[in-house]
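Visitor: Based on the provided sequences and hints, a complete structural model is requested.
Going down the list, the protein sequences come from chains A and B.
Quick note on my numbering: the first sequence kicks off at 39 and runs consecutively.
Quick note on my numbering: the second sequence kicks off at 42 and runs consecutively.
Just to be clear, a hint being listed does not mean it is correct.
Within a straight-line C-alpha distance of at most 35 Å, the following computed DSBU-like cross-link-like pairs (lysine-lysine) qualify [to be verified]:
| hint | chain 1 | residue 1 | chain 2 | residue 2 |
| --- | --- | --- | --- | --- |
| 1 | B | 447 | A | 233 |
| 2 | A | 240 | A | 124 |
| 3 | B | 447 | A | 158 |
| 4 | B | 324 | B | 190 |
| 5 | A | 240 | A | 158 |
| 6 | A | 158 | A | 124 |
I should point out that these hints are in silico values taken from the structure, not numbers from a laboratory.
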Amino acid sequence: MTSGHPASAGGSRAATTGAPRVFLVDDHGMFRSGVRSELSGEVDIVGEADDVGPAIAGISECEPDVVLLDVHLPGGGGQDVVTAVKAEHPQVRFLALSASDAPEDVIAVIRAGARGYVTKTISGPELVDAVRRVAAGDAVFSPRLAGFVLDAFAAAAPAGMDRPTFDPELDQLTTREREVLRLIARGYTYREVAKELFISVKTVESHVSSVLRKLQLSTRHQLTRWAAERRLT
Amino acid sequence: MGDHADSAAWRSSPAAEQVGDGWDHTGSWQQQDGSRRPDTSWQNWQDASGPAAEQRPGGTEHWRPRLESLGLRWSRGSGDGGPFRRERDGRLAGGVAAGLARRTGFDVTTIRVVLVVATVVTSGLCAAAYVVTWLIVPAVGAESSIASKALADRRGIGLAVGLTSALGVMLAIASALNVAWITSLAFPLIVCAAGLALIWRNAPQDELAYVRRLADPVGMVGGGPRSRTVARVIVACLLLILGLVALLSGHERYALFRPLAGIVLVIAGITMALGPWWLRIAKNLVDERQARIRAEERAEMASRVHDSVLQTLALIQRRAADPHQVTQLARAQERELRAWLFDAKAPGSTEGQADTVADGVRMIQQEVEAQHGMSVDAVTVGNCELNDDLRALLAAAREATVNAAKWSGAPVVSLFAEVEPDAVSLFVRDRGCGFDPAAVPGDRKGLTESVHARMARRGGTTTVRSAPGEGTEVSLTMPRSVADRLPRRP
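Guide: Here you go:
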């Protein structure tokens, strides 16, 4: 909470109105400078780091609205940063950004508390949009993440039927959530999903956030098993 | 090599044996004199094998005239008169007998019988000579003998010396027990063990199989690893019992006790003295093997990276002026590298026949990206084996994707496949120009029809949604038959 940054007093609270304050964590300097030039003008980049330790220190110091976080870092996974920062600064939001396709890595960061996942091939405007969305408290699901989540929840569904689940609320997706995820995986934007399902964009956002919550809170072992199976292949 | 080729001709046409002048065209063959006594041929043998040939004991020679006088020349053909080489084909162990047979014209079986008899008569000396011959006579087509390689192999020599010392200990024990027949075998045993160790370390791959068979005759017996273990244990027990019986037969039961205790002490002493050294030799061998494996892996990695990543980087540098092509190259390379790193697929191996839905989708993605220079975002949920229905589905999806790539004008096409228990669905979506389904131009209609017909023939459904300026989405659904619903994860 001790921040010397002049903008932090009012800026971080009023994130949705002004430009979001963004912290960059990636071990590739070239990639960081690329992202910085793409985001400049749209968001306020308050700091960057190239590894887990500096990232935790830097984020704690400047308390950004959104942390753009690489899934793979030399000193550990991105989830270490999320876990460490979340304990002290729960208001900081994370958007995972990765070149990795390995689903278990992505799911691990999401489960640690990231609000979304986009691939590094994302275009500049799309990234700005995703950062805004995360800053506003929404979840950002790329088609790929939607696919992973559908896969993870579908994986053990037939086997899970005959087994009592601890919390059916958390362990299964509703039909509507599945519909939303499917459309996102098909390449629909939130707006297009809303139009398709005759619901408002806000409702789409709340469905996606609910899926994210289930993904993060579900204790069902199938999710772990799914990840383990993926790692084996 | 000419030598080798001629030997093949010799084997394949027995008729040529009868025609003496059939060999005259090669300058290297000298006198084709069928009546030449085999003994003279040893000169060539010694030329080829150098001074080490001195070690060959007289044992191998003295049986020859004797057996010949006994009328054992029945199968003598004409030898080829070339230098003595170990044969590669028709060998049982080192190919020495086969080589001798070829050199002298005797039947291989005759020579083998003679060698075995000689081994027994000379109490093992002949076997030692065999191993030494194996070491110092090059194989057919080989440039140098195993011995010349073994001289440079310091670890191999260390191993041989280690084995020799271990054997020496055992033989010392045997002589302490006054087991005369073991003591008489000492020299041949040591020579054989050391020689085989050197051969094992330095022989080329194709010869190693024979060494392995010599070293582990039980392992060559058919059956699973379990029955082989059983066979091995049985053989080991039999040998142990035989050894004990041999020991006990020469001694009274209690008289054996004191020498045995003495031997145990001697073994303990020698193990204390030489044990670390033996261990080091063994450890060196393991280390060396691991280092070799690592080096091989590294070399393979380097060549893979060179063939793929470095080539692509070079291409990208040359085409830096064309951002479109650079993107395409980078994407193709990224996909290939990813497939290799995460899915353990060798670069290039994704081409060809796909076996699962996920593979098929990946192939469509790859093909369209490569041929039409646009991005295809592919997402697959679930997976299953392909059957004819699903192949038709993938073919239809491919048409739809190519169609979108050609006509939509959009930079990205989204491809989504979902495998559910009762159906497989595929969605091809673009945000391009779109069209009015009610007023389709002829070419588009033709494609829609072909996609539609393809699906309908297999009981699938096709839906095309499009509007001008809003892009196009083709939805394909193929029901799965009950038999195919066994789940299969990627």
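Visitor: Now look at each hint and say whether the structure bears it out.
Guide: Outcome of the hint check:
1. For the given pair, residue 447 of chain B sits about 27 Å from residue 233 of chain A by alpha-carbon distance, which is consistent with the 35 Å threshold.
2. Restraint check for residue 240 of chain A and residue 124 of chain A: the C-alpha separation of about 26 Å stays at or below 35 Å, so the hint holds.
3. Between residue 447 of chain B and residue 158 of chain A the alpha-carbon distance is near 26 Å, which keeps this suggested pair within the 35 Å criterion.
4. A hinted pair counts as satisfied when its Cα atoms are at most 35 Å apart, and residue 324 of chain B with residue 190 of chain B qualifies at roughly 22 Å.
5. Restraint check for residue 240 of chain A and residue 158 of chain A: satisfied, since their Cα atoms lie roughly 26 Å apart, inside the 35 Å limit.
6. Restraint check for residue 158 of chain A and residue 124 of chain A: the C-alpha separation of about 24 Å stays at or below 35 Å, so the hint holds.
The structure agrees with every numbered hint stated previously.
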